[in-house]
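Using the hints, position chain B against chain A.
One line per chain: the protein sequences are A and B, in this order.
Here this note's numbering is used: position 167 in the first sequence is 215, and no number is missing along the way.
Here this note's numbering is used: position 119 in the second sequence is 167, and no number is missing along the way.
Worth double-checking, as some hints may not be accurate.
Any copy will do: because identical chains look the same in the list, a pair fits if it lies in one copy or spans two.
[As the list claims (entries may be wrong)] Keeping only pairs whose Cα atoms sit at most 25 Å apart, straight-line, the calculated DSS-like set for lysine-lysine is:
(1) 155 <-> 245
(2) 128 <-> 90
(3) 214 <-> 188
(4) 226 <-> 84
(5) 156 <-> 245
(6) 242 <-> 155
(7) 128 <-> 155
(8) 242 <-> 226
(9) 101 <-> 242
(10) 156 <-> 128
(11) 214 <-> 226
(12) 183 <-> 90
Bear in mind the hints are in silico, worked out from the structure with no lab data behind them.
This is what each chain is made of:
Protein chains: 2
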Amino acid sequence: MQVPAIDIICSDLESIWIPEIWIEVARHTGIQALSKTTRDIKNYDELMTFRIKTLKQHKLKLSDIQQIANSIKPLPGAVKMISWIRSVCPFFIVSDTFIEIVGPLAKKLGSPPLLCHTLETDEQGCITNYHLRSKNFKRKVVQAFQDLNFRVTVIGDSYNDLHMLKIADQGILFNPPKDIQNSSPGLGQTFSYKELKATLESTASTIQ
Amino acid sequence: MQVPAIDIICSDLESIWIPEIWIEVARHTGIQALSKTTRDIKNYDELMTFRIKTLKQHKLKLSDIQQIANSIKPLPGAVKMISWIRSVCPFFIVSDTFIEIVGPLAKKLGSPPLLCHTLETDEQGCITNYHLRSKNFKRKVVQAFQDLNFRVTVIGDSYNDLHMLKIADQGILFNPPKDIQNSSPGLGQTFSYKELKATLESTASTIQ
Numbered sequence: 049m050q051v052p053a054i055d056i057i058c059s060d061l062e063s064i065w066i067p068e069i070w071i072e073v074a075r076h077t078g079i080q081a082l083s084k085t086t087r088d089i090k091n092y093d094e095l096m097t098f099r100i101k102t103l104k105q106h107k108l109k110l111s112d113i114q115q116i117a118n119s120i121k122p123l124p125g126a127v128k129m130i131s132w133i134r135s136v137c138p139f140f141i142v143s144d145t146f147i148e149i150v151g152p153l154a155k156k157l158g159s160p161p162l163l164c165h166t167l168e169t170d171e172q173g174c175i176t177n178y179h180l181r182s183k184n185f186k187r188k189v190v191q192a193f194q195d196l197n198f199r200v201t202v203i204g205d206s207y208n209d210l211h212m213l214k215i216a217d218q219g220i221l222f223n224p225p226k227d228i229q230n231s232s233p234g235l236g237q238t239f240s241y242k243e244l245k246a247t248l249e250s251t252a253s254t255i256q
Numbered sequence: 049m050q051v052p053a054i055d056i057i058c059s060d061l062e063s064i065w066i067p068e069i070w071i072e073v074a075r076h077t078g079i080q081a082l083s084k085t086t087r088d089i090k091n092y093d094e095l096m097t098f099r100i101k102t103l104k105q106h107k108l109k110l111s112d113i114q115q116i117a118n119s120i121k122p123l124p125g126a127v128k129m130i131s132w133i134r135s136v137c138p139f140f141i142v143s144d145t146f147i148e149i150v151g152p153l154a155k156k157l158g159s160p161p162l163l164c165h166t167l168e169t170d171e172q173g174c175i176t177n178y179h180l181r182s183k184n185f186k187r188k189v190v191q192a193f194q195d196l197n198f199r200v201t202v203i204g205d206s207y208n209d210l211h212m213l214k215i216a217d218q219g220i221l222f223n224p225p226k227d228i229q230n231s232s233p234g235l236g237q238t239f240s241y242k243e244l245k246a247t248l249e250s251t252a253s254t255i256q
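Next up, chain A with everything else stripped away, as it sits in the complex (with noise of 0.2 Å):
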């Protein structure tokens, strides 16, 4: 047996193997403001900030957002595709959503480790502030696995993935909007989760 090319695989999480869960909470509530993302508000501390208000407004609760995250279904292929993934090497979800609303959702998954941040709750259960385990985080979890000299591949789709994709070892776009297809010619894009395999085979020298 040879040492694999790639030691660790982290990946996103929504629109790679979860539909985006703002999305569905918008639809299931019928409150569009809630459908605004990273690429409508590109601040995320005045997304997130609105976000909370806006379910304040609504008098929605972390609960109310947990019913609706608990009937997301993993997107077609998922579950099988991170069961192999994980059959090669190391893999981790790195996520800028909340434990408390992914967590549940990610044991559809098999329950892949996820490293993403945390929220706050008053007594009656509504969100009040969100805590990011730290600013560019998921850059920064890619740099510590490569400080401890392991071979990083990550697979990511949007415009807050492009920091960790970009000091990857091995960084691949999975169905990527045309504007980050263009903008970034380096990395390796995929369409689908047979050619992310076949990506991800090519570079593992030994797939076990």
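Here is chain B on its own, set in the frame of chain A:
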């Protein structure tokens, strides 16, 4: 749902979830010298150099060691316990073993993410060298996650776990030898998976 008081659990591998590999190798090959551990030769570099030299003397290849490792079974109850831990929070094994030897064995544990070192072989498949990810690898892994603002629980049993156990937010000894029991009064001590589960449950404010 409250935020759990544990964000991540890191655990040693040998003697916690599987038997000591080199002792199994000594038993299968009948080469008593291979049963030496860090308890006999405290300097790890000296120990590994001695092991590699001994394997060469007996013309044992990596594939021979892999064959023995593949025959090792997880300790009774290990698979179920790991499955439970992974449903609670991100879990990974942090070990001073080598991916080429323990990779397939980890599959028997359900393929938890395994952070460990690598071996170098020559064209004949003989082990010629080993590569540690870094010095103080275990402690550095725990520190890296703490630097990312995760609260880390560590499970370990032996001297080379003490550094990561001591910097952990929660350090739990599992079946430690008597001298470690006596010299580490600040660490939780457990002697069965049932006790370990109870200790973890008492820390996590939410077991989903």
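Hint by hint, which ones does the structure fall short of?
2, 9
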